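> Could you slot chains B and C onto chain A? The hints should help.
One-letter residues, chain by chain:
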Amino acid sequence: MTNEELKSKIEVDFKNDIQTVIISAQKEAIVTVSPEHYVALCQKLCEEKEYFFNHLSSLTAVDFPKENKITVVSHLWSYKHFHQLTIKVDADRSNPKVATLENIWKSANWFEREVFDLYGVVFEGHSDLRRIMMPDDYKKFPLRKDFADDGFIVKPS
Amino acid sequence: MTDLLLSQVKVGGESQFGTDEYVVNLGPQHPATHGVLRLIVKLDGETVKETVPVLGYLHRSIEKICENRTYPQCITYTDRIDYVSAMSVNYAFALATEKLMNIEAPARAQWLRMIFIELQRLASHLLWMGAFAGDIGALTPFLYGLRERERILDLFEMTCGQRLTYNYIRIGGVMIDILPDFVSKCIAFLDYFEPKIDEYEDLLTYNPIFLERTKGVGVISPEMGINAGVCGPSLRGSGIACDVRKQQPYLYYDQVKFAECIETAGDCWSRYKVRMREMRESVSIIRQSLERLEPGPIEAKMPPVLKAPLNSEIYSRIESSRGEMGVYLVGDGTAKPWKAKFRCASFSNLYVLDQLTKGWKVADIMAVLGSLDMIVPEVDR
Amino acid sequence: MGVGLKGLSHKEIELMESESNIPGLWTLEKAVEFIFKWARKNSLWPLQFGTACCAIEMMATAAGRYDIARFGAEVFRPSPRQADLLIAAGTITEKMGYALKKLYEQMPKPSWVIAMGSCTIAGGPYYYDSYTVVKGIDSFVPVDVYVPGCPPRPESLIHGLMAIQKKIDDEPIFRRRRDV
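Protein chains in written order, with my numbering: chain A, 1 to 157; chain B, 158 to 538; chain C, 539 to 718.
Extracted from the complex, chain A is given alone in its bound form (with noise of 0.2 Å):
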């Protein structure tokens, strides 16, 4: 399908649990959605014939300091009928709390934990959420926009 007519699609099939779906200027279809629909939306863009999207490519998020939210941004893609999806849910910066989409992608385990990692995003029901780049012990997020550290030097513009 091309993302004309998944837009339309999903329009119709997903009305009610979708907050928005649109074409960027980029041209390609992104839905946002609110959390508590997201971990069905999911699935059901996962097992549904029509859109069959069987693989997670990534999983990451965005963090917006000035609008406090956190996004999380998934990109699907089936191998089935080779069409991609993104889809981003926000998350309150102050207490990001997510669902886990790993009893639908396993893919997501690693990925969830990055993200926990380095923006300290909880994902709810994930099976092993604990740091994976930096050492157990440390305390900071540090990819969110307002890290500081010893050590740390900015690159002065």
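Derived CB-CB ranges, DEER-like:
(1) A:Arg131 <-> C:Val613: 30 to 40 Å
(2) B:Pro461 <-> C:Pro710: 52 to 62 Å
(3) B:Pro461 <-> C:Pro686: 24 to 34 Å
(4) C:Gln620 <-> B:Ile366: 23 to 33 Å
Treat the hints as calculated values from the structure; they're not laboratory data. Keep in mind it's a predicted model, so treat the numbers as computed, not measured. In this text, a Cβ means the ideal position worked out from N, Cα and C, and glycines have one as well.
Showing chains B and C alone in chain A's frame:
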């Protein structure tokens, strides 16, 4: 982590030799872990019960660095993410930026990019072959692989001056045009190289020791592979067509003829055969591209300072030597990305190591790790 | 005599002017020193330690074209107990720094350290904006020779090895153990 495993260790294992369970640390300094990867392995005698990789020994915070560099400055860091296959990562970032800012590279630049990415794929597979055979115990293919690789690096050095971290594929085109005798030297190299692949296959493919160590070892079933995020030649060894060059063509891959190499058994031997066949396909792609090279500009017309549009984002994927490499960029109207994420094949491929080695012996860990073609800076970034 | 005497201690000046330094005169001490130094500098066994990009260039140096074996560095030992040259090739992060210090301490003395590549010299391209990279390994490991480059060419690494050989020639054979 070691305490966690130690507390679950049983005294009195299950084999008839009266073994106990114990926890062993493999690395980070280890000849066969392809870099600084640490594996905590729980063993019962010689049988592996559980493998826990500990990452982060090469976490160089490249994603944080890219948030404070302009888009062209980020390309130098992409070389270091996967230094064995640097041209591919250069191109992954350049493609993402071009899609973000709506820039199109001219035709000659696209053909040149294709030639260099496929040459880089050859170089990467040669090093993989050397390292894989070296882990298994065959030390000669390492020297053979590096010998051919030196000739490819000569071609690269002739063009852009560097042997390993090129910074050649830039946003909007390539850095500099090729020298006049590049085409003839490249064709001479390909003519010299193609019979060498037969030589390596003669040495390894039906070698009884190699077969014993790789046939039937580390089988990735297709469903498990897709669900766990395995990609690239490792998934093609299990029968799934997952080549990004065929499914989401970029550059001119839809205009050259090449076959997607698929094997069905899913074990280490199939993954080895997939990569050997990919080398032959790469040679064919390079020959076709060299024929279709035409004179022209090598860089697109761009503004002097590249700025992304406000509230823009892009996720673009390419097929690097190890598998699918994705770059996610968020633009905020300035000359620096707000967020740059590199989705690397080795990170996803390493996840299945635990499932593949359960119940096998310690020596099989090395065979499986080698066949997954994992490189640590891709895992850690 | 004037310029060469700067920075030398009294003991070293005495040694220079003593009988053992008369050119052409072979004493037993000199002969023993010569044999030790000849053996040491022509059989430096590197530790197979490479983290990042420089490790690939180190492997290329060990391969056919830039054969490092002709300088005596034939065997790359993975175990630090059997090696005496640590070529620190690649970026060292804080997590890896603990391991590197342990590796250096396990190597039998006398041992030498080459800091290969700009990451080990001063943090390299990761000096700014990196929260994990150690900005130069000479803060916890005593370095003998610095080989600059990103990555340095195999010829540079061989030049570094030859500089270590020259350093072995210039030092007394019983070197005081250095603490960093």
